[in-house]
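Student: Take 1 as the starting number for the sequence shown in the working numbering and just add one per residue.
Derived by calculation from the structure, the hints in this document are not laboratory data. Fair warning: there could be bad hints in the mix.
Said to hold, decoys possible - No more than 20 Å apart at the CA atoms, straight line, and that leaves these computed lysine to aspartate or glutamate pairs for EDC-like:
#1 K42 x E81
#2 K222 x D304
#3 K1141 x E934
#4 K258 x D210
#5 K87 x E66
#6 K87 x E141
#7 K222 x E211
#8 K396 x D340
#9 K236 x D290
#10 K140 x D1118
#11 K1080 x D1061
#12 K431 x E73
#13 K93 x D46
#14 K311 x E262
#15 K654 x E589
#16 K777 x D393
#17 K1126 x E1110
#18 K1091 x D1118
#19 K420 x D774
#20 K967 x D1006
#21 K266 x D304
Said to hold, decoys possible - So the derived label-pair ranges between C-beta atoms look like this:
#22 G646 x E122: 55 to 61 Å
#23 E202 x E848: 36 to 42 Å
#24 T789 x E245: 41 to 47 Å
#25 P604 x K871: 36 to 42 Å
A virtual CB, placed ideally from N, CA and C, is assigned to each residue, including glycine.
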Amino acid sequence: MKLDMELDSQQKKAVDNPTTPMAISAGAGSGKTRVLVERYIKVIIDGLAETEEILAITFTIKAAAELKIRIRERLIETELEQPETKKGSNAQKALLTIESAPISTIHSFCQSILKKYAIEAEIEPDFQILESNESSLVYKEIIQRVTARFLRTNNEKEKELIRALGLNDLRSIAESMLNDRYKFSNAVNSTLFLHRNGKFEETIENMLEDEISILLNSVEIKSSIDELKKCIPLDKSDAMAMIREKALDLFDEISAQKSNREKLSKLLEFGNSIDLRGGRKTSWDEGEKDRVKSSLKTIRAVIDELFGGEKELNFMNNETAEKLLEGLELFMSRLFKEYDYTMSSLGVLDYDGLLFRAMNLLSERKDIAAFYRQQFKQILVDEFQDTDNLQMDIIKILTTKDENVPVLFLVGDENQSIYKFRGAEVSNFQKMIEETGIEGPLYITKNYRSQPDMIKFFNSFFSSFLGDTDNGYEVSQTFREKLGDTPNVQFLLPIADNGEGVSNRELEADLMARQLLSFVGAEGISDGEGGERILKFSDIGILFQKMTSVAVYLDKFDQLGIPYYMKTRSGFYDRLEILDLLNFLRAIEKPNDDYVHAAWFRSPIVGLSDNALFLIGTGVGFSASLSSESGGNYSQEDQKRLMRAGELMSKYRKLKDRMGVSDFVQKIVDEIAYIPFLLSTENGTQKALNIYKLLDQIASFEKTGVKTLGDLVEQLDTIQNGNVKEGQAQASSEEDDVVTITTVHGSKGLQFPVVFLPDLEASFPHSPDNFKYDSKKGIGFRISKQQSTEYDPLFWLLRAQDKRKNLAERRRLFYVAMTRAKDHLFFVGSRVSKKEGLKSPKKRTWLEYLFETVGVGNSEDSTAVEFAGLKFPIIIDLPEVELYRPSSEEKGNSTVIEYTEEYIAPIMKESKPVSITPTKLLKYLECSWKYALEELHGIEEPELKKEKEDSKDILATGKLFGTVAHKLFWEMDYQATNDDSLVDEVISAEGVRGNKAGEFRTELQDIAARFRETELFKEVLSLDGSDVKREEDFFIEFQSVLIEGTIDLICNSEGKRTLIDYKTDDITQNDIETKVEHYKPQLMLYAKAVKNITGEYPDKTLLYFTKTNEFKEISVSDESILQVEKHLLDLFEDYKKNDFKKNADACGSCGYYKEYCDGV
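Sequences and hints are given; from them, build the entire structure.
Tutor: Pasting the structure below:
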């Protein structure tokens, strides 16, 4: 076999010029990896470099391993074919060293640099790499420490930043800083440079002009204006005609207007004024009213997208923006110092830190950079379109600066750049070519993967769909011959009746499953050697944009017995029963997130109809619909369901911060009767077991630091997003014959004989961030105030840019999805029937893109799409199919991989344990019926509820005062002389305002001053920090009762351990002894926890009453501990039997009395 055998002319040019620095743009299926391999082989056998002198960079560990295998195979072939030649000898020599050759990811390469030059990089030589989930936990701790200290700042700029952004946004910014340090620091520095050098306003004006120009020259706006001009009304007084005229006048005015801000104001004003409900068809020629309406709708959508749904322009002044930036600069400096200190202390690096350290080393130590430029004669980089700025800069350092630099060879395809969410910049491919001066891009366009009719479809579709993007589209050439008579592209488009009854996704799932079963075993596909073979399950890939709704499809596969493998990090979390519950939790935590509310409304927990979902989505929005004032023309049943949803949401939002997170989720599961509901459905036992498995996992998360609902949602988002870097590659299926289900991102680099693309009308997520940043252009903020939202113009511009980039990436993602198919491609969507025809797909979805570009008709009778000179079938229904039952031979190889032992929940124990806190135990002992009403049924005590409603400030009650006081004790600096500034900080942090804040301040200052005078304080002051534990969390188990709590203070002085619990009750001296008896069981639980942790009870157990400045010692004995254990067992028995008794003696001070309880 000759080296250049089967290389086409384009590939040959890339391979045959190994000394020419070059970039190739290789379309899907064009054999780009083969070109990379052959170029590597050419360098070796021509004697241009040894294996250790060629650096090959790939995107994943798996890709690096596969590349090394393919190179080794080619070296063996070359040695066998040319044994007595110089080329054969070079191949033989390379085989001896190929295993240690530098073929790796860029992270592995940078790790090798830092291991070699650890001292120069000022890091530990044996440093470890944190995985992404580990990094997240470390980041969280860093952010908590830095923000806590930042809140105490006396710097006016830092204070202004806190006041403007608030703690939540500050933490979000901190998270972005740590996840994207290189880009974020560049953004802050570049914006400050513009402000400090008087160039900010000029830059903004130029960017505004560019943004407006982009909008006015967009294909959507220009085609819409052209359409408006073509449609002349018969009656100019018609409402639609008047809006048309206004639109045409507007764009003429904007073209003549000089002020960019005035142009924006006019655009926004017009977008807000477009009302498409008026107009008569008789005022227009046939069909023209609909065309005008569609064009105006497009114009409105483009304007809405530009302004992000905001109703007015409210730019902050430049001075305010600069002050915020200066505060942010100080915050960033603190955060990065803490980050460096923490990573150094732990002896670890995260993935970005790995790259950042390597780049700094190469930048600052010219001798080290020169060493690598001399070591490598060739540098080959695959998938360059997926690099971020930091990765690109590292490659640039190695291939520029000196005269004698390695020959650079880049391989990429800008239309396959789909990792923006990881920082990838599609523009880096062209930018690298321009900045290094290498030749290219050389386009490799012959498609060796897909059938000829598919390539015709791709060429016609993407020439239009991607033709007006920055990257454009290079037409692919056909290589394969057509196989079989079955159409290679088909549309599965079931029709729903007005969106009622069975959901659209259920219809899609059913039709797709039937099509799949009818194909397997009956359809012939290429065997890869010029012949045919029968289609198997393992030949099929089902690719989702996102896994949010995958459970609907999995349920149908389960019903029909279709074996599948879920290629995702979060398969367990993608089950429908899991997703429904998690979306409920997300909706509780994220009150303004329409997306999670929509998912929750659709779930059986709420169960709104598709009609109601549509009305809400196009009306007030999903989160706002829970308000009693939201209105809405819903059915009576939907109104009842929505009202119930509002009650649930109100109740659980009040409870979420009052319980441990695992208790909280367990409470929801119990109270909405989720388990009984699941047991009543198909495969109900397995679904119920999965929920119990989830509850167990949440309890495990809680033990590792996940304390709040916000923590839990963040943890689950991390798992489900699968936003991981090298070192967390997903395992391949071991099964021989199962359908692969994955995301389009997960399919990158894969190919399947048959590809299904379902859920085409899924919406793309949007980012609600209050800040936007760009490495070169800077950072901008949006500040939400009580009556309005204010933002600097850079935020507005960066948001517009970000949206445009996201839209472009959605298009590229569709390209990647389609081009995974070799023989057959199925588009799976659904259409809704209405009186005047089929409803149009939702805007900005793949289904809309498909319908617009291909021209799918609006008739229910359409049976085919004519496109690219071919006919492609539309299938709306198929015959019923039987349950798939594998033969005895198949059973050994074909299973539903989703339920491996890793995911199956353990069999439920006879009685699940009850979880409790010391405070809940006191409530139970006071009145077990009261405990059940509040803790198990979530009914707030009426007096507390009334107090909330009457309060003008944030719940300034005894409970809130206790929270603030405990925070004061926790944060108190024992070395300080007074606590005045800390008092102000803790009051502010808890949101106390107005007169109540003043009352709190006076009392807290007195408490702090008195505490400092106590003997205990003086003793604590003399101790080493390691002997003092504040806010010590514990988690212990006693038989079937799980006890969780927090001990205020534990001191260890000269081997003697003292436990202290603060009490802020508003009491007098006469109340002390009664209160001591009341709190005694709580202190016994604390003492029991100390013994569980240390092996011994505390030597002294104290209650400190802040009101009277008095310490009371409580004796701990075996008898007192046995007594509290008996209380725990009583509570568990009552819980098991659901037999909670009323205590009439407690009715006098109980808010439930009369309203929820008769006291008998």
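Student: Assess, step by step, whether the Cα of K311 is no farther than 20 Å from the Cα of E262, and give holds or violated.
Tutor: holds, 15 Å
Student: Assess, step by step, whether the Cα of K420 is no farther than 20 Å from the Cα of D774, and give holds or violated.
Tutor: Holds, at roughly 12 Å.
Student: That 41 to 47 Å hint for T789 and E245 (C-beta), does it hold up?
Tutor: The hint (41 to 47 Å, Cβ to Cβ) is violated, given that T789 and E245 are roughly 32 Å apart.
Student: Taking only the CA atoms, is the gap from K222 to D304 under or equal to 20 Å?
Tutor: holds, 17 Å
Student: Given the hint that K42 pairs with E81, does the C-alpha gap stay at or below 20 Å?
Tutor: holds, 15 Å
Student: Between K222 and E211, does the CA-CA distance stay at or below 20 Å?
Tutor: Holds: K222 and E211 sit about 15 Å apart, inside 20 Å.
Student: Is the straight-line distance between the alpha-carbon of K654 and that of E589 20 Å or less?
Tutor: Answer holds: K654 to E589 is near 11 Å, not above 20 Å.
Student: Please verify whether K87 and E66 have alpha carbons no more than 20 Å apart.
Tutor: Answer violated: K87 to E66 is near 23 Å, above 20 Å.
Student: Given a hinted range of 55 to 61 Å, is it respected by the beta-carbon distance of G646 and E122?
Tutor: Given a distance of about 57 Å, which is inside 55 to 61 Å, the answer is holds.
Student: Given the hint that K1091 pairs with D1118, test it: the Cα-Cα distance must not exceed 20 Å.
Tutor: At roughly 12 Å apart (the allowed maximum being 20 Å), D1118 and K1091 satisfy the hint.
Student: Need the status of pair K236, D290: alpha-carbon distance at most 20 Å?
Tutor: Distance ~16 Å between K236 and D290 Cα, so the pair holds.
Student: Between the alpha carbons of K140 and D1118, is the straight-line distance 20 Å or under?
Tutor: Violated - the C-alpha atoms of D1118 and K140 are around 41 Å apart, more than 20 Å.
Of the hints listed earlier, those the structure fails to meet are numbers 5, 6, 8, 10, 12, 17 and 24, in rising order.
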